[in-house]
Amino acid sequence: MHGSPLLEVSNLRVRFPTRHGRVEAVSDMSFTVAEGETVAIVGESGSGKSVTALSVMGLLNSGSIESGSIRFRGEDLTAAEPRRMRQIRGEEIAMVFQNPMAALDPLYTVGNQVAEAIRIHRDVSAAEARARAVELLREVGLPDPERRARSYPHELSGGQQQRVVIAIALSCNPALLIADEPTTALDVTVEAQILRLMRTLQADHGTALLFITHDMGVVAEMADRVVVMYAGKVVEQGTVEQVLREPQNPYTLALLRSIPSPDISRDTLMPAIRGSVPSLLDTPSGCRFHPRCPRVLDRCVREEPPLAALPGQRDSRCWLHLQPDGGLLPAESTDSTESTESTGSADRSARHGAGSIQSGATGVS
Amino acid sequence: MSAEPTVETGQETPILEVRDLVKHYPVRRGAFGRGAGVVRAVDGVSFRIPRGRTVGLVGESGSGKSTTARLANRLVEPTSGQVLFDGADLLATRGRELKALRSRMQMVFQDPYGSLNPRMTVFDIVGEPLEVHGVSRGRARTARVTELLETVGLSGRDLYRFPHQFSGGQAQRIGIARALATNPDVIFCDESVSALDVSVQAQILNLLKRLQRELGLSYLFIAHDLNVVRYMADELCVMYMGEIVERGDSDAVFADPRHPYTQLLLAAIPGHDPATAKAKDRAVARGEVPSPSAPPSGCRFHTRCPFAFERCTAEAPRLRTSPATGRAAACHLLDDTSEGGPS
Amino acid sequence: MIRYVVRRLGYGLIVLFLVTVFVFVAMTFIPSDAVDLMLADTGASEEQAAELRAELGIDRPVHEQLFSFLGGALQGDFGRSFYTDEPVMQLFLDRIPVTLQLGGLALAVGTALGVALGILAAVRRGTRSDSAIRGVAVAGLSVPNYVVGLLLLTVLGLWFAWSPPFVYVGPTEDFASWAQQMALPAIALGTSAVAGTTRMTRSSLLENLGSQFIRTVRAKGASERLVLYKHALRNSVISVLTLLGVNLGTILGGTVILEQMFSLPGTGQLIYQSVLDRDYPVVIACTIFYAGLFVITMIIIDVLYALIDPRIRAAREAGT
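Chains as they are written, first to last, in the numbering used here: chain A, 1 to 365; chain B, 1 to 343; chain C, 1 to 320.
Incorrect hints may appear among the rest.
To be verified - If the Cβ cut is set under 10 angstroms, some of the chain A residues that face chain C in the computed set are: (1) Ala94; (2) Ser171; (3) Asn173; (4) Glu304.
Stated by the list, open to error - Reference listing, derived: stretches of chain B covered by chain A, where coverage requires no fewer than 3 residues with Cβ under 8 angstroms from a Cβ of chain A: (5) 113 to 124; (6) 139 to 148; (7) 225 to 231; (8) 265 to 272.
Hints listed in this document are in silico derivations from the structure and should not be mistaken for laboratory results.
Note that CB positions come from ideal geometry on N, CA and C, so glycine has one too.
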């Protein structure tokens, strides 16, 4: 598959002080990213996915890493000196953020901000950095880069701003790019442009990508492997095909089902997950998903299940896997709290199924 | 531009009909502030919401979706156009009469916390519209608020709690209970589920569906997630730069988009199957929405349209309704040759 | 931009006009006038008093006095002192250098010190030095400047038997003496400026340091020095500038009492004496000059906003 792990996170535990005491945002988190590979960390709010990303960057503001290690090319970043971390940031690991408007300093031109990223790590003249900044802006598809380099962030659209942020991240050709919900603030048309750009750049530069998102569509489009998080814990990981097509964890399955898909009829209710995403201040006992799980067992309330290795080099955290009948989840387990009751006129069912949807301008290239 | 006639779907008058709705915001342009221009935020929008149905409004940010919703319930005063609510001319209504009509249309906003006053209890939040519209007082009000909370899946125990004590999904339920307080006919859902976690979003969508069935509500439903709109809307209006470029039965539009913009918009929806998502390489629309203060000449979409030809830069296409299907689209490519335009 | 400044100057003139009207009206509410004071204990008759009032022109209705003043002011004539008969403009110009030295010193040192302390507190947030700086800043804002002045005089006088020289000497003549005389009132005036600027700098810096664009800069691998001085501080300058205008007002007001207290021959002392003497032309003109000074400073600050922030620049060029 891929080469030796570029990034190896083991048993990471991150805590934050809050007014109501310390909370554990990430618990016992382990995953790897190989050279050139794209790994997506998926989760809802409070799952710890962004905290994981910031931990790798060494940019946790108030939180602290309690235990575990983050090895980048074998070097433990949790033990690295601040000076060493500054060398790594931008040069070897770079990051793209969620909200491009807020991610750029409003008082400097975008050319200045790209050039700054170059000059921090490369011993080049101001003029040279500037010329390379324009080249980078051209590479990320900013129209008229010479002129745009002299623009201020507020003069650009959201999509163009995100291109600038990507140019900054790629300025020193990093081995690992971390993207934290890079398209969430953008329109779906612009999202498609930005994701395509990231894929192209990744292919050109051989960059590994750690993609943080809540959007399964983005995961399907970008990822080689997927790590699913819930309330600070990894609940499932595997290849994108394994996780999205045959999810083994009840949470992953329920989450995938609760996304409106083209196949669901307007006259049926959505298979929703009951309850709310738990607050980190008050995490449930045992399995953290048990209050919302349609397949909860007595044991789930008391004891937390381990991350069990399943056939096919994938993991899932669920007691069901450790039942005597040893089962994987049956593919057809549809039961969840609000069943798919009919809302009336059944004749208006899924006449226009998924197949006909893409008859528009979608060409297979 | 005249009001575009919409197709009769039945004998009933629609609960809400807007005709040729226009909102222009004045802007000063140029270094010396001369030559005042306008931003055409909404420019000649017409649609109707049949009783008990959902009309979806989609388009990129800045397309005028939210402004259209605010014009239709007169939170924002239109520059021109007509709004017929249950047959009554909303824009000609004043004072008490306007208040009575308004109480029959409510809004549910995007940010569940931001739209609830953090210093008010749930009882005050949900009870406030009752007071404003003089629906009930005293003990009757407590009973009514409790009933509303139960309707949206909360309970009387939540009456005296504050918004921050609820999760995002529950807070949005409070917002819905508030909207229901005055027994509205129409609810405007402006990105009402967009800020919610996926696992919670489905609950709220189900709640909206159940309320529609039980209370006969009509929705104007705005969301940027097109799969959510597809699930909710019976009819669809696609907006681009303040204009409706395509309108029609939701299933039909999703299955067979006519307007090039709708085609690009739908093609941009990410697929959830990894095999096809990677292989298909989503069709990517060129560029981004132009500045609304300087819209392109002719068809406003021509700068991004893969099929644009000369006529598109010169002449704005009109929204034409096909009598056979009831669908409408504004594109020169779709013009009937019998109408006599140059092809 | 030029158009914007011209428009602001226009607004400034309106402000000056309103200030003038206000001062004229306010003067009529003050019991006793200059003639009462001049003729007190002289045993002059009512007719003599009326004659003097007519001569000074203060027997006329307020609006007439106002119009004749405005007429003169348009030609650069702001009236003459009742007592010395000197043109008020001349009196003001003679004395303004002292006030500008004192106010400028207080404002410049106060702002510089405040920014420095604010940076220190923000960088060492949560430490003892941060708490100490914040404590001192609160105290500095709570104590009025004349109390600071009195305390300084008392403490230095009683415990160290030192008091500043009481005769003003220009800085070019005898710098040491000038510095000794200016030090205490400047400290007294600058205290609240230091305190306010410290607090503003600290909170604004902390807000910016926690913002997303700073995270981007850190993600580039930037040193904390670059983060702080190139990005966070520059973004905080806007709020500090706003405070500068407020501080200027406080300091100009403070000179009235402190120049008297430290016997500095500035315009503050001039105003103080003129109010006591009911020397209307001087009071009125000085008030207008102070207001003018304030208006011009605010315009300069507004121009600086635009130089620093491209968004403000763009908004002004668009004329909104």
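Numbers of the earlier hints that this structure fails to satisfy, in rising order: 3, 4, 5 and 6
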